[in-house]
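Asks: Add chain B to chain A, keeping to what the hints say.
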Amino acid sequence: MTETRDRDDVRRAPARAPRILGFVALKLGGGALSLLLVVVLGFFLFRVLPGDPARTMTRSAPVSAEQLAALRDRFGLDQPLYVQFRDFLGKLVRGDLGTSYTYNRPVAELIGERIGPTVLLVGTATVLAVLLGLWMGTRAAWRHGGSADRWFTSVGLTLWSVPTFWLGLLLLMAFGVGVGPLPGLFPVAGMSSPDVPAGALPRVLDVAHHLVLPCVTLVAVIHAQFMMVMRSSLLEEMGEEYLTTARAKGLREDLVRRRHAIPNALLPTVTLIFLHLGLVVSGAITVETVFSWPGLGLLTYEALRVPDLPLLQGTFIVLAGSVIVMNVLAELLYRVLDPRVRAS
Amino acid sequence: MGVRTAGVRPSFPRAAAVATVVIAGLLLPVVLAPGALSANERGDGSGQEGEVTLRVGIQQEFDSLNPFLGFSRAATEVFRLIYPTLTTHSSEDFSVVPELATDWESSRDKLTWTFHIREGVKWSDGEPVTAHDVAYTFNRMMTDSAAATANGNYVDNFADVSAPDEGRVVIRTETPQATMRSLAVPVVPEHVWSRVDDVAGFANREMPIVGSGPFEVTDYRPQQYLTLEADEDFWRGAPTIDRLRFVNFENSDAAVQALRKGEIDVARKLTPAQFDALKGAENIERVKGKGRRFYELVLNPGAANSAGDPIGTGHPALRDARVRRALDRAIDRSELVDRVLGGHGTVGAGYLPPIFRKYHWSPPDGERRSFSLEAANRALDEAGYPRGPDGIRRGPSGRPLDFEFVLHGDSSTDALVGEFVEEWLSGLGIEVSLQPVSDNQVNQRTTAGDFDMVISGWSVNPDPDYVLRLQTCGARPDPEGGGLPDSFLCDERYDELYSRQLAEFDRHARVELVERAQRRFHEMATGLILFYPNALEAYRSDRFAGFEKQPAERGVITAQQGYWGYYRAEPTERARTAAGETGYRSAAFVIVGVLLLGALAVFSVSVRRRRTAEHRE
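Quick note, the sequences are listed as chains A and B, same order. First residue of the first sequence: 3, per our numbering; consecutive thereafter. First residue of the second sequence: 3, per our numbering; consecutive thereafter.
Looking at chain A on its own, in the form it has when it is part of the complex (with noise of 0.2 Å):
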């Protein structure tokens, strides 16, 4: 298989570059234009939500008509709708997102607040779910049947069914208050105490404490989807026969595995693994909830109560955008990972 990839590539790489780059360029527009879409439909969307937003942004404060008259000149919304989305391109394209309704700040900058500690949480959460989903996977399959497997399959599919609120808040209790003799080892809420000592590595372990509860209830949740993808792919990949050929060249077991099967079986979870990247940015709203983490999922969540409609519009924008990016990237890889996509 590596033997014949290295010959193709070689012999016509050359006459391949302009088809290689139209193909660059046709996924890049694509995807271009699908962010252009999520920026029109981000701002129509919201404006046909029920309600008048001068109303939300009072709540329940008695105000006068000349109080929300000046709200509403104030952000924009006595102007037609047509203005309101040309201002609101303008402002997009120097990268202002508008003030939220609720805190009276630019949401670029309560977004850019919120997307560290997402990206921290439900990326370190993906590594481990990804590392671990393939291990599992993989030995599963090659025993399938066996007790590994067995027990990988049922264990990883119990959890991705459990609600993920539920299984977090078991956690909480049972290692961040401690249950009989089991004293609460992690804190239960936030993602850093206020008192920790000056200096990066308390600050840092302060934060890889707080982390541990939320990160382990992600990957117990997501990480049997991994598992079940590559389980399944290498299953079919076991059925081919170069891999009898390989064995008949007297390579070990242990490499046929890892070098022959694991790397064609990988492909289809490269695609889930980008795709899960793309929501990495959204954040897990449950486990942000049940944590307090102070995320991106949890900011989106505030939003869609009030509503507050430029801060929903910018987390519409950065989520949606974020998929689209990483959606293009796993389509990039793809053809580089896998040369049948190449040739076709």
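Simulated from the structure, these hints should not be mistaken for lab results. None of these values were measured; they are calculated from a predicted model. Glycine included, every Cβ here is placed at the ideal spot set by N, Cα and C. Hints should not be assumed to be uniformly reliable.
What the hints assert, rightly or not - A few chain A residues that face chain B, going by a derived Cβ cut-off under 7 Å, partial list only:
1. Thr104
2. Asn106
3. Arg107
4. Val179
5. Gly182
6. Gly186
7. Ser294
8. Pro296
What the hints assert, rightly or not - To list a few chain B residues with every Cβ distance to chain A over 12 Å, as calculated:
9. Leu113
10. Asp255
11. Ala377
12. Ser428
Replies: For chain B alone, coordinates are given in the frame of chain A:
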């Protein structure tokens, strides 16, 4: 390894071994150093030994630290701690007491008010607090619409505000205003705020925030915590605690668990179930305070805007006061208190909750509409709403009595109340369709009059003017959408009583007028007061011996009209002497152990693999 053939038993046992080592590594520090972990429980979060920090769990984010903009309850609570107000409310019984103003007088026509400002009060940056700061604050609200966002309603009726000298503020109003003695507007330092051009865009997050209260904000992390340090130079004297910290929790269950564990000292806004579950919990004292809220079922009496034009989709039958009173008789309030609130509340009667003893009015026996389905059925028969062949009552026009009941979708209280009411009204031959929607939609539909029945409720201030005003004709939305209606009551007699109480400066006479207004509201039956929920709180009794409650009898310890609870919290000896060590050390051991072991395992496995691989090829 190299000898092994064809991977009969690959490295599964090895993985198990690694896992075991990792788990052992995780638990080792726990087993070996129980002391390190008990420090975690004991850790009071203070920086130094002997300093006391009071940590309060809150379930709401500060919408803004700018006192002109922030009006979430969390934010206003902080403003009460860091900015002075002219007057405040006593912890004993909510009566108005001097704060920044030592005394005040009004002209004979009640249009001019003079407040005498306390001498020797300083801002936290050392500048004196003067009458000019007060005048500046009000003037900014009157001239800058952004500055009127949070408290604009206080200055609506102001003609002008001036400070003839450092010690006096003179306020002239357009019409007499009885609320002049309780202007809950945070006063800001002019020398800081005059440099702020754009109030709407100013976050006020430069630490420490310049204020002049018992505490000073020194640290704020959005959605995580806000720290306040005691101001030793506070004019009333330094607070008993050294530091106050509000810790954010996104869900109240986590806050309760944090209280059990000792990560926070006070948890509030507990649900009845959480409150009951904390009964008998070690080192936890529960506080069941009388609530300031009333919980109301509004019946649409034919909504109209301020121009008198009918709006909305209200059912015509509800315009008939006899129907509204009959519905009132079909609601068993004590059942609701028992089953919905778990007994943690008071049966509703008059408009103002019993916590405000002076103003609370409850219908006397002759006027009370006690629960009776038979009486309600009879009343509807007599009023001319006979049952149709399907058992559903019909109005004079033949339209069946089927009501849309709008509820707050995320409130379990609303959901339960909705089910009970639906059941009771079906006994009257009335169909109710429950419509749980978002909070925002509840507000929108209420303002637009698009409901037959809707749940409402308000927190009542010590001065009842604010909520009484909600039931006046003037509170109805104007055609452009301003105003804030509650039950769309527009009744001449009520309005007359309301205006008279607002202009009445004799306390006894005003109390009487407020009572008469409530009686009229009860007669009209546009808003049925179902109950007054208790405010449920709990605190760590091992660290705090008590808090000054407001009011003194069955009061609350947080979210007061003033700063008493936090200002006069009583730390225990244990809280004062506990070592200032935080729990991070033990955690550090655990994590470092895990990381080291994990790294070691990965390293050794990969080295072995590489070696065997090289060996083979």
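Asks: All hints, please: hold or fail.
Replies: Hint check:
The beta carbon of A/Thr104 comes within 6 Å of a beta carbon in chain B, closer than 7 Å, and the hint placing it at the interface holds. Annotation: interface hint on A/Asn106 holds; nearest CB of chain B at approximately 5 Å, less than 7 Å. Residue-level restraint check for A/Arg107 holds (minimum Cβ-Cβ distance to chain B is 6 Å; threshold 7 Å). The beta carbon of A/Val179 is positioned within 7 Å of a beta carbon in chain B (closest approach about 5 Å), and the interface hint is therefore held.
The beta carbon of A/Gly182 is not positioned within 7 Å of any beta carbon in chain B (closest approach about 14 Å), and the interface hint is therefore violated. Interface hint at A/Gly186: satisfied, since its Cβ lies 5 Å from the closest Cβ of chain B, which is below the 7 Å cut-off. At its closest, the beta carbon of A/Ser294 sits 4 Å from a beta carbon of chain B; the interface hint therefore holds under the 7 Å criterion. Here the hint on A/Pro296 is kept, as its CB sits about 4 Å from the closest CB of chain B, short of 7 Å.
In this structure B/Leu113 is separated from chain A by more than 12 Å, as the shortest Cβ-Cβ distance comes to about 21 Å. A cut-off of 12 Å between C-beta atoms contradicts the statement that B/Asp255 is not in contact with chain A; the least separation is 6 Å. Even its closest Cβ contact with chain A, about 35 Å, leaves B/Ala377 beyond 12 Å, as expected for a residue assigned away from the interface. For B/Ser428, the non-interface assignment is confirmed: its Cβ lies about 29 Å from the closest Cβ of chain A, beyond the 12 Å cut-off.
In the structure shown, a violation is registered for the earlier hints numbered 5, 10, in ascending order.
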